[in-house]
Amino acid sequence: MVKIEVENLSLAYGRNIVIRDLTFQATPGEMVGLIGPNGSGKSTIIRAISRIISPHSGKILLNGKSIAQIPREELARLVGVVPQMPLLPSAFTAFEIVLMGRNPHLRLFQYEGEKDRNITWQAMGQTATQSLAERRIGELSGGEIQRIVIARVLAQEPKSILLDEPTANLDISHQVEILDLIKNLCQENSLAVIIALHDLNLASQYCDRLVLLNNGRVHSSGTPGEVINPQNIKAVYGVEGCVYAHPVNGLPTVLLEAGSSRQTKPQA
Amino acid sequence: MVTLNRLKPPLIEPVAPRYFFHWRRRVYAIIGLLIASVLVMAFATTIGSVQVPFPTTCRILLSQLPLVDIAPTWLSTTETIILQIRLPRVILAGLVGAALAIAGATYQGLFHNPLADPYLIGTAQGASLGAVIGFLLPLQWQVMGFGIIPVFAFTGALLSAAMVYILARVGKTVPVTTLILAGVALGALWGSIVSYLIITSKKQLHGILFWLMGSFSLSEWSEVAVVLPYVVAGVVIILLYSRSLNVMQLDEEQAKQLGIDVEKVKLILLAAATLITAAAVSFVGIIGFVGIIIPHAVRLIWGPDHRFLLPLSLLAGAIFLVLADLIARTALAPTEIPIGVITAICGVPFFLYLLRRRKRAVFF
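One line per chain: the protein sequences are A and B, in this order. Take the first sequence: its letters are residues 1 to 268, numbered as in our numbering. Take the second sequence: its letters are residues 1 to 364, numbered as in our numbering.
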């Protein structure tokens, strides 16, 4: 089990600071959603937690240990990442790509054995990609590739998963299917899950807690009910009152109305 | 409760089916090419100005193996021709072909670039400059029984590659694009110095040109003995990292997230591939084309998985260069054709055929 703690984190590309003083945590079995407008730094946070970029200041801790001190291979056994719009080599088959998820579990001259192939196969079963196993990546659609990458992170068997817009390329049935799967894994295997989402309704339905970002700062954080309200939506996105209770479970739901953007409002 | 229109839950078979059809096909290919390379080398040894029947050649070769006892029924001069003149040449050709092909496959994998070859980061031009300086210096040193030219060529290749690597550093990382550009730039610099030295050299001109075009004439066992350890060491290192190289076919970010220490693996693979390239060219000169075309041909036939691509390229490169050298020394005998001419004339049509047969535009 892994607990991810982000403390007073600031991130920068060169001199351009994109995240300021961010503090949040994801405990085992908890699904934390990062929401906010385009360019608010959601992807950057995920890249920092997977040690692609190093912090400008502040700390990222896994079970109290700074990630800078964890070797890459060990980190890959603890943290799996589903990147946004991943580039995959087009001549490899889907099975070969998912099998790459086993990499951190293998030693230098070890080949994938029976066990690794079965784990891979089950991961493809969970993401409905078994029928694609023999196909080459170049022949697959964006949504299929998205599911292949999610299968890869399942084959990786990490203790926590970071997802960057995992549902962006998926139709609604696959959106629900993938998020159900991740939610189940999160609860049954006590994974800490951090997920960047554009879709506020999906974030509200699936996440235990939300962090609403605006211009690199936390605007508000808490349960979906605390974060998704007309005031916050208007302050961050500039869209007028559009939050209703979901008819079945009462969670906040955003319904958009034509003509409610900031630009169309009179400058009174 | 509202029921959503969901897909049927996927049937999850717990056990992966044994449909590793192309895995098996590639394993057969490795075994097949291994046998073929031995046969081709034996065949190349029989042919030459003195005709030796193929069975006799095989018996002479087998008699050299430990635990094989064949009474000699052949002339001792025949044995000398086979074992001391032809065999070292054939083996050196195989070794160099293997080294250049696996180095080429490694560079292509590292750079994700179909134009990458073993000489991409200035290795060939560095070796050429070293060799030409070796030709022009009025030195008669002997290093381990060899002239200074191989030593200078080897050193030139390694120095050039090291300079490219250092120049391409950006902070703690070495982006492949800057590596390629630094390599091309330094290579051009060395090339122009070589050109200048060539036109100012009078007596050594023929020797220099011959070296630059590559040749296996005058191959000896001692050369095989020097090149072999470098190539074996480099190949073992490259094969150890072949799975990492596969994961690095994803972008660097994903490779890191899957536990690969990208910069470390890059440095190790570059060093190993450069070492075997430098060792290969130091005695026989710049042999083009093998390192770029063999890996592509293998990739087109057997796919991009480096665990098979690398050993298959190694074997195919050996076979290709042994045959090319056979043609180079026999087609216009007693005149030798520069081997680079043969590799291009024979290799290009075959490669273009493969390229047209597979209409897929993807290589990686």
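Bear in mind the hints are in silico, worked out from the structure with no lab data behind them. Each hint should be verified, as a subset may be incorrect.
To be verified - List of simulated lysine-lysine pairs, DSS-like, C-alpha gap at most 27 Å:
id, chain 1, residue 1, chain 2, residue 2
1, A, K115, A, K159
2, A, K115, A, K65
3, A, K65, B, K172
4, A, K59, B, K203
5, B, K202, A, K65
6, B, K264, A, K159
7, A, K65, A, K183
Said to hold, decoys possible - A few chain B residues facing chain A, derived, Cβ under 7 Å:
id, residue
8, A188
9, L240
10, V247
11, Q249
12, D251
13, E253
14, Q257
15, L258
16, E263
The beta carbon of each residue, even a glycine, is placed where N, CA and C say it ideally should be.
Tested hints:
no.: 1; hint: A:K115 x A:K159; result: holds, 19 Å
no.: 2; hint: A:K115 x A:K65; result: violated, 30 Å
no.: 3; hint: A:K65 x B:K172; result: holds, 23 Å
no.: 4; hint: A:K59 x B:K203; result: violated, 68 Å
no.: 5; hint: B:K202 x A:K65; result: violated, 68 Å
no.: 6; hint: B:K264 x A:K159; result: holds, 25 Å
no.: 7; hint: A:K65 x A:K183; result: holds, 26 Å
no.: 8; hint: A188; result: violated, 30 Å
no.: 9; hint: L240; result: holds, 5 Å
no.: 10; hint: V247; result: holds, 5 Å
no.: 11; hint: Q249; result: holds, 4 Å
no.: 12; hint: D251; result: holds, 5 Å
no.: 13; hint: E253; result: holds, 5 Å
no.: 14; hint: Q257; result: holds, 4 Å
no.: 15; hint: L258; result: holds, 5 Å
no.: 16; hint: E263; result: violated, 10 Å
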